[in-house]
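> Each chain, letter by letter, is given below.
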Amino acid sequence: MQKLTQRELEKRREALVAARAADGKIRLLVCGGTGCHATGSIPVIEALKAEIEKNGLGDRYAVVETGCNGFCAMGPIMVVHPEGIFYQKLTAEDMPTVVAEHLIGGKPVEKLLYKNPVDKKRIPLQSDIPFFSHQMPRVLRNKGLIDPESIDDYIERDGYKGVAKALLEMRPAEIIEQMKISGLRGRGGAGFPAGMKWDFASRSVSDIKYVLCNADEGDPGAFMDRSILEADPHAVIEGMIIAARAIDARKGYVYARTEYPLAIRRLQIAIDQARELGLMGQNILDSGFDFELEIYQGAGAFVCGEETALMRSIEGRRGMPRPRPPFPAQKGLWEKPTILNNVETFANVAQIIVNGGQWYASVGTEKSKGTKVFAISGDVNNIGLVEVPMGASLRSIIFDVGGGVPDKKKFKAVQLGGPSGGCIPEAYLDTPVDYEEIAKVGAIMGSGGVIVMDEDTCMVDMARFFMDFIQDESCGKCTPCREGTRRFLQILEKICDGRGEPGDIESLEELSVIIKDTALCGLGQTAPNPVLSTLRYFRDEYNAHVYEKRCPAKRCVELLKFEIDPEACTGCGLCFRACPVEAIVWKKKEKARIDKEKCIKCLTCFNKCKFGAIN
Amino acid sequence: MRVCRKQTGVTGGLEFKPIGEANMKHLMRPHHPDIDETMWNRIDQIIETHRPRPGSVIAALRECQEVVGYLPVPLMDYIGRGMNLPPSDVYGVASFYSLFSMTPKGRHTVRVCMGTACYVKGIKEVMSRISNEYHIEEGGTTGDRRFSLEAVRCLGACGLAPVMVVDHDTHGDVKADGVLKVLERYE
Ligand SMILES: Cc1cc2nc3c(=O)[nH]c(=O)nc-3n(C[C@H](O)[C@H](O)[C@H](O)COP(=O)(O)O)c2cc1C
Ligand code: FES
Numbered sequence: 043m044q045k046l047t048q049r050e051l052e053k054r055r056e057a058l059v060a061a062r063a064a065d066g067k068i069r070l071l072v073c074g075g076t077g078c079h080a081t082g083s084i085p086v087i088e089a090l091k092a093e094i095e096k097n098g099l100g101d102r103y104a105v106v107e108t109g110c111n112g113f114c115a116m117g118p119i120m121v122v123h124p125e126g127i128f129y130q131k132l133t134a135e136d137m138p139t140v141v142a143e144h145l146i147g148g149k150p151v152e153k154l155l156y157k158n159p160v161d162k163k164r165i166p167l168q169s170d171i172p173f174f175s176h177q178m179p180r181v182l183r184n185k186g187l188i189d190p191e192s193i194d195d196y197i198e199r200d201g202y203k204g205v206a207k208a209l210l211e212m213r214p215a216e217i218i219e220q221m222k223i224s225g226l227r228g229r230g231g232a233g234f235p236a237g238m239k240w241d242f243a244s245r246s247v248s249d250i251k252y253v254l255c256n257a258d259e260g261d262p263g264a265f266m267d268r269s270i271l272e273a274d275p276h277a278v279i280e281g282m283i284i285a286a287r288a289i290d291a292r293k294g295y296v297y298a299r300t301e302y303p304l305a306i307r308r309l310q311i312a313i314d315q316a317r318e319l320g321l322m323g324q325n326i327l328d329s330g331f332d333f334e335l336e337i338y339q340g341a342g343a344f345v346c347g348e349e350t351a352l353m354r355s356i357e358g359r360r361g362m363p364r365p366r367p368p369f370p371a372q373k374g375l376w377e378k379p380t381i382l383n384n385v386e387t388f389a390n391v392a393q394i395i396v397n398g399g400q401w402y403a404s405v406g407t408e409k410s411k412g413t414k415v416f417a418i419s420g421d422v423n424n425i426g427l428v429e430v431p432m433g434a435s436l437r438s439i440i441f442d443v444g445g446g447v448p449d450k451k452k453f454k455a456v457q458l459g460g461p462s463g464g465c466i467p468e469a470y471l472d473t474p475v476d477y478e479e480i481a482k483v484g485a486i487m488g489s490g491g492v493i494v495m496d497e498d499t500c501m502v503d504m505a506r507f508f509m510d511f512i513q514d515e516s517c518g519k520c521t522p523c524r525e526g527t528r529r530f531l532q533i534l535e536k537i538c539d540g541r542g543e544p545g546d547i548e549s550l551e552e553l554s555v556i557i558k559d560t561a562l563c564g565l566g567q568t569a570p571n572p573v574l575s576t577l578r579y580f581r582d583e584y585n586a587h588v589y590e591k592r593c594p595a596k597r598c599v600e601l602l603k604f605e606i607d608p609e610a611c612t613g614c615g616l617c618f619r620a621c622p623v624e625a626i627v628w629k630k631k632e633k634a635r636i637d638k639e640k641c642i643k644c645l646t647c648f649n650k651c652k653f654g655a656i657n
Numbered sequence: 300m301r302v303c304r305k306q307t308g309v310t311g312g313l314e315f316k317p318i319g320e321a322n323m324k325h326l327m328r329p330h331h332p333d334i335d336e337t338m339w340n341r342i343d344q345i346i347e348t349h350r351p352r353p354g355s356v357i358a359a360l361r362e363c364q365e366v367v368g369y370l371p372v373p374l375m376d377y378i379g380r381g382m383n384l385p386p387s388d389v390y391g392v393a394s395f396y397s398l399f400s401m402t403p404k405g406r407h408t409v410r411v412c413m414g415t416a417c418y419v420k421g422i423k424e425v426m427s428r429i430s431n432e433y434h435i436e437e438g439g440t441t442g443d444r445r446f447s448l449e450a451v452r453c454l455g456a457c458g459l460a461p462v463m464v465v466d467h468d469t470h471g472d473v474k475a476d477g478v479l480k481v482l483e484r485y486e
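If you're matching them up, the sequences are chains L and A in order. If you're matching positions, the first sequence starts at 43 in our numbering and goes up one per residue. If you're matching positions, the second sequence starts at 300 in our numbering and goes up one per residue.
Any given hint could be a false lead.
What the simulated footprint calls covered on chain A by chain L, stretch by stretch (three residues with Cβ under 8 Å from a Cβ of chain L suffice, anywhere in the stretch; the number is not a length) [to be verified]:
id, segment
1, 340–346
2, 369–378
3, 386–395
4, 399–407
Here are the in silico distance ranges between beta carbons for each label pair [to be verified]:
id, chain 1, residue 1, chain 2, residue 2, range
5, A, Gly477, L, Arg528, 46 to 54 Å
6, L, Glu50, A, Glu483, 57 to 65 Å
7, L, Glu478, A, Pro351, 43 to 51 Å
8, L, Glu551, A, Asp335, 55 to 63 Å
If you are wondering where the hints come from, they were derived from the structure by calculation, not from laboratory data. C-beta: ideal position from N, C-alpha, C; glycine also.
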């Protein structure tokens with residue numbers, strides 16, 4: 043295909059917009075993100091296409107497989123565009139009904155619409171559903187609207203305008219200036235201003251420089267970067283080309299998790315399409331600027347998300363961090379000046395260039411500008427991907443957008459920032475989303491994973507969980523992290539197993555200080571955070587484990603007795619039927635008893651019992 | 300014909316057959332029960348494509364593991380020689396990244412998500428139910444090589460938590476109660 047110039051790109055865009063207006067097709071947008079694929083959106087798409095074909099509706103309707111729509115809890119999802127009708131939890135068998143009643147009959151299918159959990163009323167329009175109406179999509183402006191495998195869908199929605207402007211109308215210094223004005227801070231966790239980072243790298247003198255994108259997304263419970271790559275890969279590519287221009291780099295890599303096959307596939311398709319149109323490769327848009335981009339797949343090491351380790355990994359070595367300075371802006375990949383930014387950071391860039399830094403900075407708080415994408419999961423009704431302006435409160439994210447805690451359970455804490463982050467209790471839910479404010483309450487903004495926990499979660503067990511993670515992922519290079527996290531884990535396991543002793547809690551506190559001060563990289567320096575934050579807000583629970591050998595949330599198996607309280611037992615037999623190893627002794631209308639010889643402490647009976655009779 | 304094996308020592312005593320491929324003449328294919336002729340040809344191609352590119356040993360190892368299923372030591376040595384890298388470098392990389400396995404895998408790989416979202420939603424019970432039923436530990440393989448059990452950190456499908464992936468099928472919302480039924484389907 044012919045390589046485009048800026049004018050031809052604009053012409054192509056105009057033609058696409060005109061063609062879409064002319065054909066007047068209604069677009070049926072079916073979610074094809076990893077989540078909806080798993081719940082069966084591919085058969086839905088096939089059935090829908092077949093049904094449309096059968097009824098001869100092909101000239102009026104187009105079925106589009108989009109990236110993640112965001113409302114993952116309700117998948118598979120379909121949105122009828124531009125009407126805005128939102129269908130949820132679809133199956134292939136529903137498709138004849140949808141086509142007959144809605145597409146032909148003109149009436150939305152009531153039973154497939156979203157049901158508001160508060161008043162049980164159906165809400166037909168996506169824009170009226172609270173999950174969507176409280177959001178502000180900027181990074182996610184294209185999610186669920188375009189086919190991520192079609193560059194024309196992206197171009198139609200102002201795609202590659204940013205690249206054209208940056209390459210043909212701006213000097214590198216002006217790009218950096220706009221980035222600084224925007225106040226955009228790195229979305230990968232640390233929140234370092236992107237403009238400043240680019241500035242440093244642009245000042246380094248070298249014939250070769252690199253632009254890297256961190257798509258390693260190691261924090262468990264985070265899926266923002268995956269969703270962005272699956273829904274709008276070109277936005278990330280655009281950001282990287284602009285960054286390359288700003289620092290004068292000709293080569294870039296996206297370091298992607300190998301666990302994300304769909305994201306990698308779509309990104310590769312996007313790169314190939316861009317190259318075909320002359321938006322990548324040599325002489326982009328006839329500007330004289332060259333840029334090549336390659337995907338590099340990781341191999342499953344959390345620490346490779348750290349910048350120096352990531353570069354080592356691309357060099358084909360063990361991904362171990364090294365001390366800084368020298369900073370990557372001077373000596374990075376293959377010892378050349380390098381910038382590394384997160385997927386979401388790059389996805390913001392094109393819009394900043396098109397609309398100006400001032401526009402971007404008009405939203406947010408004093409020190410945290412723009413919007414932030416969060417992945418909400420755990421014990422919350424509306425699990426999914428959301429984007430809110432900086433400064434929104436945690437409460438509004440969890441309760442307004444997230445819809446609160448299911449099953450009438452009480453909210454206990456929210457975990458932010460992954461293994462380097464912390465747990466925030468109810469009392470601090472009015473904290474705004476802002477790098478500094480969140481740090482004040484003992485967590486970090488992190489990359490955007492928000493995990494909600496209900497009253498059944500044991501906070502000591504959570505601390506143990508995170509320490510297990512960190513201990514496992516410690517690369518072993520520095521002693522404080524390698525040995526310190528192991529000691530941490532031993533003490534926490536002891537406490538959870540009911541062998542806690544006086545002094546253990548104090549040892550945890552002492553260790554925290556030492557590791558924080560002496561570890562080599564961010565992994566170790568932040569390792570104590572989950573322990574410190576749970577100690578800060580839930581010290582009672584630690585005390586109950588150590589001094590009373592009791593787990594208030596009844597999660598720590600070794601501290602449970604596995605006895606049935608005859609007073610509370612109604613003799614219903616639910617536990618008897620549920621037990622996988624026949625450890626429950628029960629006859630009709632009699633009270634049940636647990637045979638401790640046979641019991642494997644799997645908690646099945648415990649979860650089944652409606653009367654809380656099992657201790 | 301034998302090749303000097305001094306530099307590694309780990310696979311001493313293995314038989315080596317010369318190979319015919321013109322481009323890989325300098326390499327001797329070690330005999331290995333889990334690697335057949337077509338696999339070796341594939342492996343040679345992989346080495347060929349990656350040899351000229353600095354830093355591509357991770358990609359080469361990944362692709363070879365896809366072919367064979369795991370990375371036996373003689374294979375790693377072979378890759379090292381093919382890519383002109385000392386065996387210590389190849390082994391160092393393979394042992395660092397959790398993607399690589401040096402022991403054979405079962406017919407089905409069960410990957411249980413031990414990420415935060417799945418943990419909060421009770422994956423621990425699912426895991427122990429599988430371990431108890433099939434007598435396998437995390438990272439282990441059943442005696443009949445039916446299942447390999449792996450714990451992974453977040454599959455990015457937290458919306459479906461708790462999540463388990465068997466081979467290429469993602470199963471969302473798995474409960475300790477129902478998990479064995481799901482696994483029964485994989486022979
Ligand atoms: C142990 C560790 C793991 C990290 N993992 C990630 C990650 O998965 N994704 C990411 O974008 N940044 C991660 N980071 C942060 C990166 O080191 C780096 O700061 C970031 O990618 C820079 O991009 P940004 O400025 O756009 O945020 C991690 C840092 C540490 C110390
Ligand atoms: S925590 Fe299991 S998929 Fe994310």
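> Out of the numbered hints, which ones does the structure contradict?
Hints 1, 2, 4, 5 are the ones this structure does not satisfy, whereas the remaining hints hold.
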